Amino acid sequence: MWLGAREIPQLNQSLFLGKDYSLDFEASANISASTGFEFSNYDIEYDGRIKPYRFWGRFSSNQFELRLGLQKINFGSASLLRPLMWFDQVDPRDPLQLTDGVWGILGRYYFLNNTNIWLWGLYGNDGPKTWEIGQTSKGTPEFGGRIQTPMPAGEIAVSFHHRNSNTQNLLYLPNVEDISENRIGIDGKWDLIVGLWFEAAVIHKGKDLGIFTNQNIATFGTDYTFGIGNGLYAAFEQLFFSMDKDLLEFANKKYFSAASLSYPLDIFNNLSAMVYYDWSNKNYYNFLNFQHSRDNVSFFIMAFWNPETFNLPQQNEASKLFAGRGMQLMVVYNY
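Take the sequence shown: its letters are residues 1 to 335, numbered as in my numbering.
Certain hints may be false.
[What the hints assert, rightly or not] Only pairs whose alpha carbons sit at most 30 Å apart, straight line, appear in this in silico DSS-like list of lysine-lysine:
| hint | residue 1 | residue 2 |
| --- | --- | --- |
| 1 | K253 | K129 |
| 2 | K19 | K51 |
| 3 | K129 | K205 |
Since the hints were made in silico from the structure, they are not lab data. The structure displayed is predicted, hence computed values, not measured ones.
From just these sequences and the hints, can you work out the full model?
Written out as structure tokens, the structure is:
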């Protein structure tokens, strides 16, 4: 049994400079504490952390923004199984949608036809992010960009990212330094009779790491709101993943499926469920959530039935709490 508390104090400040220009600042911290009691051996564990959550400044106009500091960068069309989860670790089951930020600079320009261009540079993010094999080499920057443009009934986008990495602290690989890594992603989404989307990414390393040299990831998804009662929302995504020595070899394939249901009981209460299936290991990940919200307070009752070994591609703290079987009660107060 575990008992925990979390506080995320946030400070925001805005300065208007005239002629549609402004400066914005945000600073927040992630303060958490937890204690656990093991009934079998009467063992008690404690844990507490304080770390920066967001710390950035932004200069913006009507069509342009430039943001510098510790920030959240995420994009893509999928929501349950995300090949373009390059810089965040948001778990769709987490009611708080928490994710660590990355240190860097992000510029975005918005054209009048709704096309937008992103350019970013990252520095000082040592730990591996989602889908990454190996740590980013210390003292080296990462950089990339994205262009997103509208299409009839939808939109499509292409993304690129580059970094140098190493294989330190990876027991299953030899120690290799200065590995050039490039990744290319493409995603699109359309609102037709049903919602349709896809995400795909190829990650290539410039040195031979055996089957870890290339990663191929793709997700296809759909959603629809059925006219049942207050409206039953359903979504499904299928992910394909392969790690291979040769580019686009597709020799070591894995498959994941995910389904989500959500039903508003009334304006205060909502019931939702998610199921993931790991086809390679034949494991189900089950999650059920009841939410009651009123004014600034939200109550969550969550039940989960999952394998002890967690193989889904989320790496945040909430994912670890959903390993095994159990229930969580959560109270959230926004002020």
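>> Given the hinted pair K19 and K51, is their Cα-Cα distance within 30 Å?
In response: violated, 37 Å
>> Check whether the Cα positions of K253 and K129 lie no farther apart than 30 Å.
In response: Given that 30 Å is the threshold and the Cα spacing comes to 21 Å, the pair holds.
> Are the Cα atoms of K129 and K205 separated by 30 Å or less?
Replying inline: Satisfied, since the Cα-Cα distance of roughly 16 Å is no more than 30 Å.
Hint 2 from the earlier list is the only one contradicted by this structure; the remaining hints agree with it.
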